[in-house]
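This is what each chain is made of:
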Amino acid sequence: MTGSLIHGDHVSCSRVGGAMRRESSRLRHHAQSLVDALGDLAARERSDSDTSMTGATAVAAIATIATSLRALRATADDLDQAGAALQRYATDLAEGHELGRRAERRVEGAGLLLEGTRVIEPWGPASAQEAERRRAQVPEVQSRVDLATAHVGRARGRLEREMTRLTEAFWAHSREAHSAWQAPLPPRGF
Amino acid sequence: MQAVHRPDPTSIDAVVGALTRSSTAALDASHELLAHYNDTGDAPTQRAVDTLIDHAADALRALTDSLADISTELQA
Chain A
1 MTGSLIHGDH VSCSRVGGAM RRESSRLRHH AQSLVDALGD LAARERSDSD
51 TSMTGATAVA AIATIATSLR ALRATADDLD QAGAALQRYA TDLAEGHELG
101 RRAERRVEGA GLLLEGTRVI EPWGPASAQE AERRRAQVPE VQSRVDLATA
151 HVGRARGRLE REMTRLTEAF WAHSREAHSA WQAPLPPRGF
Chain B
1 MQAVHRPDPT SIDAVVGALT RSSTAALDAS HELLAHYNDT GDAPTQRAVD
51 TLIDHAADAL RALTDSLADI STELQA
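These protein sequence lines are chains A and B, in that order. Going by the numbering used here, the residue at position 64 of the first sequence is 64; the numbering climbs one at a time, nothing skipped. Going by the numbering used here, the residue at position 39 of the second sequence is 39; the numbering climbs one at a time, nothing skipped.
Just so you know, these hints were derived from the structure itself, not from any lab. Don't be surprised by glycine CBs; every beta carbon is placed ideally from N, CA and C. Incorrect hints may appear among the rest.
[Stated by the list, open to error] If you want the footprint, here are the derived chain B segments under chain A, 3+ residues with CB under 8 Å:
(1) 22 to 34
(2) 40 to 54
[Claimed, not checked] Cβ-Cβ distance ranges computed for the label pairs, FRET-style:
(3) Arg135(A) x Asp54(B): 44 to 52 Å
(4) His29(A) x Pro44(B): 29 to 37 Å
(5) Thr164(A) x His31(B): 19 to 27 Å
(6) Ser4(A) x His31(B): 33 to 41 Å
(7) Arg161(A) x Thr24(B): 27 to 35 Å
(8) Ile120(A) x Asp54(B): 34 to 42 Å
(9) Pro139(A) x Tyr37(B): 21 to 29 Å
(10) Gln75(B) x Ser25(A): 46 to 54 Å
(11) Ala76(B) x Thr164(A): 36 to 44 Å
(12) Thr51(B) x Glu95(A): 49 to 57 Å
Extracted from the complex, chain A is given alone in its bound form (with noise of 0.2 Å):
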C-alpha cells in the first residue's frame, strides 16, 4: 500500500517482524531444551564426582556449550526486540498512510496541490478570489501533510536507531559464536 506521500508497505513491515518474534520463540525453546540437556549432564556429574576423574572435563564442556548457549539466547532475545521494533513501526506507518490519504484529500478539496511534501496553489487562471482562497488554506493544509510526515519520520527515526543498536548487538552474537566454535572441546574421559 504505497500512497503518494507517506510511502512504504507496513503490511511487509508487520510480516518481517512476526517471522523474528516466531523464530525468537522457536530458539528461545530450543535454548531452554539445552539448558535442561546440560542441567542433567551436570548433575548427574555431580551425582559420580567420587569416581570422576571427568568433573574438570565435563565442566569444561559444559563451559563452552555455555558460550554458545548465551549467544543463542542473546540472538534469540535480540531478535524478539527487532520483531517488536518492526511491528511498532508497521503500525506506525499505517497509521501515517491513514493521516497521509487525509491530507492528501484535504488538499485536493481546497484545491491545491502536493510537489513532493510541499502544498502548493495550482498553476493556470484563476479569478482573484478564487486564487485568495486557495492561499489562504495553504498553511493549514500544509499543516496537515506537515503532521502526516513528521508522524512517520520520527518512527523512522525510532526504527533506525533501534535497528543499529542491534545490528551491533548481533555482530557482537557472531563473533561470541565463532569464538565458541573455534575453541576445542576438552577430551573426553582421561
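Once you have looked at the hints, place chain B on chain A.
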C-alpha cells in the same frame, strides 16, 4: 592408577540431540529472515533494516556452525 570415568552416555546423547536441534533451528531462522521482503518506504531506514537482517542471519549461521561443531565433537 585412577579410575576412568566417562559421562553417562544417555546424558551426553540428550545434550547432543539438543545441540543438533538448536543448530537446525538457528539455520532455519536465518533462512526465514532472508526469505521475507519488506518495504519501509525510506532508503536510510531500509538500509538499517536490511543491515540488521544480514547481521542477524550471520549470527544465526555462526550459531548453526558452533552448535553443530560442538555436537559433532561430543559424539566423537
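Between Pro139(A) and Tyr37(B), does the beta-carbon spacing fit 21 to 29 Å? Since the Cβ atoms of Pro139(A) and Tyr37(B) sit about 39 Å apart, the hinted range of 21 to 29 Å is violated.
Determine whether the Cβ-Cβ distance between Ser4(A) and His31(B) falls within the hinted range of 33 to 41 Å. 35 Å, holds
A range of 27 to 35 Å was offered for this pair. Does it hold for the Cβ distance of Arg161(A) and Thr24(B)? Since Arg161(A) and Thr24(B) have Cβ atoms about 33 Å apart, the given range 27 to 35 Å holds.
Range hint compliance [Cβ, Ile120(A) to Asp54(B), 34 to 42 Å]: This hint holds: roughly 40 Å between Cβ atoms.
Coverage assertion for the stretch 22 to 34 of chain B with respect to chain A, Cβ distance below 8 Å, three residues required: Three-residue rule met by the stretch 22 to 34 of chain B, so holds; n is 7.
Starting from the range 29 to 37 Å, see whether the pair His29(A) and Pro44(B) falls in it by beta-carbon distance. The hint (29 to 37 Å, Cβ to Cβ) holds, given that His29(A) and Pro44(B) are roughly 35 Å apart.
So does Thr51(B) sit 49 to 57 Å from Glu95(A), Cβ to Cβ? 25 Å, violated
Are at least 3 residues of the stretch 40 to 54 of chain B within less than 8 Å of chain A when you compare beta carbons? holds (count 10)
Starting from the hint 36 to 44 Å, judge whether the C-beta atoms of Ala76(B) and Thr164(A) obey it. Check passed, 41 Å falls within 36 to 44 Å.
Verdict for Thr164(A), His31(B) (Cβ pair) under range 19 to 27 Å: 24 Å, holds
Within 46 to 54 Å or not, the Cβ separation of Gln75(B) and Ser25(A)? At roughly 28 Å between Cβ atoms, Ser25(A) and Gln75(B) fall outside 46 to 54 Å, so the hint is violated.
Given the hint of 44 to 52 Å, is the C-beta distance from Arg135(A) to Asp54(B) inside that range or not? 49 Å, holds
In this structure, the hints that do not hold are numbers 9, 10 and 12, in rising order.
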